[in-house]
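Residue strings, one per chain:
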Amino acid sequence: MRSFLKPLLMIAAMALGMTAGATLPAWALVELNVNKGNVEPLPIAITDFQSNDALGAQITEIVTADLKRSGLFAPIDKSAFIEKISGPDATPRFDDWKVINAQALVTGSVGKEADGRIRAQYRLWDTFAGQQMAGEQFFANDANTRRVAHIIADAIYERLTGEKGYFDTRVVFVDESGAKNARKKRLAIMDQDGANVRYLSDGRSIVLTPRFSPNRQEITYMSYESGQPKVYLLQIETGQRELVGNFPGMTFAPRFSPDGQKVIMSLLRDDGNSNIFAMDLRSRSTTRLTNSTSIDTSPSYSPDGSKVVFTSDRGGRAQIYVMGADGSGQTRISFGDGVYSTPVWSPRGDLIAFTKQTGGEFQIGVMKTDGSGERILSSGFQQEGPTWAPNGRVLMFFRDSAGGPKLVTVDLTGRNEQPIPTSNFASDPAWSPLLE
Amino acid sequence: MSRIAALTRNPAMIALVAALAITGCASKKTPNSAADLGLNGAGAATPGSAQDFTVNIGDRIFFDTDSSSIRADAQTTLSRQAQWLNQYRQYAIVIEGHADERGTREYNLALGARRAAATRDFLVSKGVAGNRLKTISYGKERPVAVCDDISCWSQNRRAVTTLSGAGS
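Chains E and Y are the protein sequences, given in the same order. Start counting at 1 in the first sequence, then tack on 6, and there's your number in our numbering. Start counting at 1 in the second sequence, then tack on 650, and there's your number in our numbering.
The hints are simulated quantities; they were obtained by calculation from the structure and are not laboratory data. Errors might be hidden in some of the hints.
Chain E is nowhere near these chain Y residues, computed Cβ spacing over 10 Å in every case [unchecked claim]: (1) 694; (2) 699; (3) 709; (4) 714; (5) 718; (6) 721; (7) 723; (8) 730; (9) 754; (10) 768; (11) 787; (12) 812.
Restricting the straight-line Cα-Cα distance to at most 20 Å, the calculated cross-link-like pairs of lysine to any residue (SDA-like) are [said to hold, decoys possible]: (13) 186/E x 810/Y; (14) 190/E x 794/Y; (15) 784/Y x 230/E.
Yeah, the Cβ is synthetic: ideal placement off N, Cα and C, and Gly gets one too.
Based on the provided sequences and hints, a complete structural model is requested.
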């Protein structure tokens with residue numbers, strides 16, 4: 007079986023020497039500001055990576071698609087290009103790129119080494135300053151062409167925005183097929199752009215809500231395989247599964263702690279209510295965090311592990327609450343007009359994403375961690391379950407329309423919504439941390 | 651009179667009538683009628699059989715939106731269920747709790763569980779032995795009605811009493 011998360015990428019990255027000008031200060035050409043008006047995407051020319059085969063065009067295509075979907079870049083149509091780049095080390099004729107308003111220019115090459123590895127290099131140029139901004143070279147085995155392209159796209163994104171990229175990442179999700187009243191649900195994993203789908207379960211049992219561990223090697227999810235719905239761990243690489251805890255009733259809504267040592271989840275009480283517990287994966291000890299005659303669910307840790315945000319209907323209808331990681335100081339933070347659920351703490355720590363039901367609609371939104379500053383990013387008939395890109399700038403969620411759910415991303419401006427292509431219906435996405 | 655009695659004895663018909671009453675949409679066909687379920691209607695089932703339970707007693711009750719309160723109509727059904735279950739004690743019982751799609755996935759798992767527990771507690775209060783009863787929540791994962799309007803949602807907000815154990 008093909009290895010997905012093994013050290014499949016032997017990336018030896020090295021900076022390519024600047025061929026023009028001096029080292030630049032770390033300023034950014036693109037400013038990320040969600041409170042500003044329309045962000046004008048940066049016009050960028052991405053030339054075909056030079057190669058003896060189809061690899062060059064393939065890398066260019068992936069880099070272009072990544073940058074374009076981010077909404078921050080406007081790749082220029084190749085037919086407008088004037089200069090034909092002569093070689094990977096040549097300094098471009100900047101005037102030829104300025105005249106088509108390419109503020110940034112990407113050149114590169116890719117080829118096979120004698121040992122079968124591929125070698126890819128790129129250079130990023132500031133055409134108006136007439137300088138190289140970045141340049142790197144990578145080696146990888148050839149199963150990882152797409153990853154090399156995503157890594158290059160991340161490097162360009164980071165150099166031009168000053169923020170980490172999120173293209174070299176994966177998404178675990180639930181693949182759905184069949185009739186709505188007899189849906190077959192399979193765990194699946196894919197690249198963030200929808201490529202390289204691999205199935206992690208056979209579809210015989212209902213599986214729900216997969217979530218990545220911080221080390222990306224395992225997921226926690228809920229399955230009906232034993233008859234009673236329970237939370238499990240799955241090692242992605244080996245397929246090894248194990249039950250989390252030995253609780254009498256249903257366990258659900260699992261998530262890892264930021265250090266990967268704990269799983270936090272809901273446990274059904276005999277009276278029909280649900281409370282939140284954390285289980286230490288090494289000692290197997292469990293800690294009760296809530297004890298209320300209400301539904302307490304969808305817990306999500308803050309990135310520093312000190313707090314937990316969750317959903318509770320203790321006030322009548324579902325709202326968002328924050329508590330200490332020991333269960334102390336449970337405080338309601340959502341007060342808007344509607345029902346709030348599925349809170350997820352941003353990996354940057356600054357925001358909480360949620361699903362809100364109001365006026366017959368489902369909305370995806372964000373609020374500050376004290377509940378202030380609520381902003382709705384997307385509204386629809388039926389959509390839910392946001393998950394954060396590792397840089398905290400983009401959310402993925404699922405939207406039910408045309409007979410079943412599909413995955414969608416939206417950025418924090420709410421202006422850039424993009425479908426993620428999947429061959430079947432897809433729900434419950436969870437975004438991985440950046441791969442390494 | 652006898653026709654009305656037959657109707658009210660048929661739980662699927664009650665469901666249909668309830669759904670129609672809510673939507674006021676008389677032309678809408680309920681995919682959950684006895685005929686659609688492949689059942690032959692009242693009278694054909696052997697007393698004490700699973701079919702008898704489903705057709706003549708009514709295996710499911712319905713809930714209001716985001717609620718696990720046992721409604722008056724559901725209390726009638728559950729009282730009938732309890733009487734039947736107390737008569738035919740060979741069955742173990744699993745109560746499935748379900749939610750409609752107008753809620754998020756994890757919350758609806760909890761809501762389905764609460765409905766199953768409320769149903770179980772009602773049956774216990776009517777004398778059904780607690781050790782015969784298990785519950786399971788399917789959240790919104792197993793709708794019976796698959797349109798996306800009110801008539802469907804009301805049928806999907808349900809608790810279904812299923813028989814297991816001894817043969818029918």
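Hint check results:
no., hint, result
1, 694, "holds (25 Å)"
2, 699, "holds (24 Å)"
3, 709, "holds (16 Å)"
4, 714, "holds (13 Å)"
5, 718, "violated (7 Å)"
6, 721, "holds (16 Å)"
7, 723, "holds (20 Å)"
8, 730, "holds (22 Å)"
9, 754, "violated (4 Å)"
10, 768, "violated (6 Å)"
11, 787, "violated (6 Å)"
12, 812, "holds (12 Å)"
13, 186/E x 810/Y, "holds (18 Å)"
14, 190/E x 794/Y, "holds (15 Å)"
15, 784/Y x 230/E, "holds (15 Å)"
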